[in-house]
Amino acid sequence: MAAPKIVTIQSDLDIVAARMAARDMAKALGFGAIDQARIATAISELARNIYLYAGEGTVTVREARQGVRKGIEVVCEDQGPGIEDVSLVMQDGYTTAKGMGMGLPGAKRLMDDFEIQSTVGQGTTVICRKWLR
Amino acid sequence: MRRHLGHHQHPNTTNRRLSRGIGSSGPHDAQAVQFKDKVLQKIYDTKAKGVIIDLTAIDVLDSFVGRLISDIAAMARLMGTTVVITGFSLLWQLPWSSLVWSSMGSLPLSTWRRELRSCAG
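Chains A and B, in that order, are what the protein sequence lines are. The letter at position 101 of the first sequence is residue 96 when you use our numbering, and the numbering goes up by one with no holes. The number in our numbering is simply the position in the second sequence, starting from 1, with 795 added.
Calculated from the structure, these hints are not laboratory results. Hints are not guaranteed to be accurate.
[To be verified] Quick list of simulated restraints, FRET-style, between CB atoms:
{"hint": "1", "chain 1": "A", "residue 1": "Q117", "chain 2": "B", "residue 2": "K842", "range": "48 to 58 angstroms"}
{"hint": "2", "chain 1": "A", "residue 1": "D80", "chain 2": "B", "residue 2": "D866", "range": "22 to 32 angstroms"}
{"hint": "3", "chain 1": "A", "residue 1": "G116", "chain 2": "B", "residue 2": "D832", "range": "35 to 45 angstroms"}
{"hint": "4", "chain 1": "B", "residue 1": "Q836", "chain 2": "A", "residue 2": "D19", "range": "27 to 37 angstroms"}
{"hint": "5", "chain 1": "A", "residue 1": "E110", "chain 2": "B", "residue 2": "D866", "range": "25 to 35 angstroms"}
{"hint": "6", "chain 1": "A", "residue 1": "L8", "chain 2": "B", "residue 2": "A869", "range": "39 to 49 angstroms"}
{"hint": "7", "chain 1": "B", "residue 1": "M874", "chain 2": "A", "residue 2": "I29", "range": "29 to 39 angstroms"}
{"hint": "8", "chain 1": "A", "residue 1": "D19", "chain 2": "B", "residue 2": "G845", "range": "49 to 59 angstroms"}
{"hint": "9", "chain 1": "B", "residue 1": "V828", "chain 2": "A", "residue 2": "M85", "range": "41 to 51 angstroms"}
Glycine residues also receive a C-beta, built at the ideal position from the N, C-alpha and C atoms.
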């Protein structure tokens, strides 16, 4: 079992580190090149959200297991301002001035499972998984 | 942009590598923004008719990089310059279409070789 990797997000350099960690883990778990690109792209979006909106947080990349299924699980956590209306930010095209309006819904489409929990004033946690086929 | 143009370079084309220093892990955001500023400054300085942006050094084409490239193209167009994208990895096509197509869909995608040929007339 591959060891989990935790990347602390504090600068834009850490976004690169987070997506590399996700890609390396995906590769080690046996994901193909296109799925590696999908996972790296999704984590790039999520890590950038931490950097842009919370300032700092962590991205944890680890192996996921569910019965016989094997995959990758990525947990993105911050203690930032939180999201007031989660269903709004999950809509395509919703954007703050900083974004392109596809970070969260785009990341959701790139992964298989996607859960988001957010409390205003306390922070946001995104857990996403992709399963090996 | 790649350097090895060799003898095939047309006398009227100049090739300037603006993306120096980007490692195999791809650029971080600040580098990407610097790249945009440099490209636009070069277009202004040289009055270039066309710009080829080669994406080979990009490891992940996320919405940030996508927006940056479409911004460059939009501003270049305002300055009368055509932008062509090369080095668009096949690996990105599926992730990118999940993420967004609209903004870059209007940019001509091409290969470096084909563009060189057309630059050389």
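Given the hint of 22 to 32 angstroms, is the C-beta distance from D80/A to D866/B inside that range or not? Given a distance of about 28 angstroms, which is inside 22 to 32 angstroms, the answer is holds.
Cβ separation of Q836/B and D19/A, checked against the hinted range 27 to 37 angstroms: 36 angstroms, holds
Okay, Q117/A versus K842/B on CB: inside 48 to 58 angstroms? 53 angstroms, holds
Consistency of beta-carbon spacing, D832/B to G116/A, with hint 35 to 45 angstroms: 36 angstroms, holds
Per the hint of 29 to 39 angstroms, is the separation of the Cβ atoms of M874/B and I29/A within bounds? 36 angstroms, holds
Is it true that the C-beta distance of L8/A to A869/B lies inside 39 to 49 angstroms, as the hint says? 27 angstroms, violated
I want to verify a distance hint. Is the separation of the beta carbons of D19/A and G845/B within 49 to 59 angstroms? 38 angstroms, violated
Check the following: the C-beta atoms of V828/B and M85/A are separated by a distance inside 41 to 51 angstroms. Since V828/B and M85/A have Cβ atoms about 27 angstroms apart, the given range 41 to 51 angstroms is violated.
Range first: 25 to 35 angstroms. Now tell me if the beta carbons of E110/A and D866/B are that far apart. 32 angstroms, holds
Comparing the model with each numbered hint stated earlier shows that hints 6, 8, 9 do not hold.
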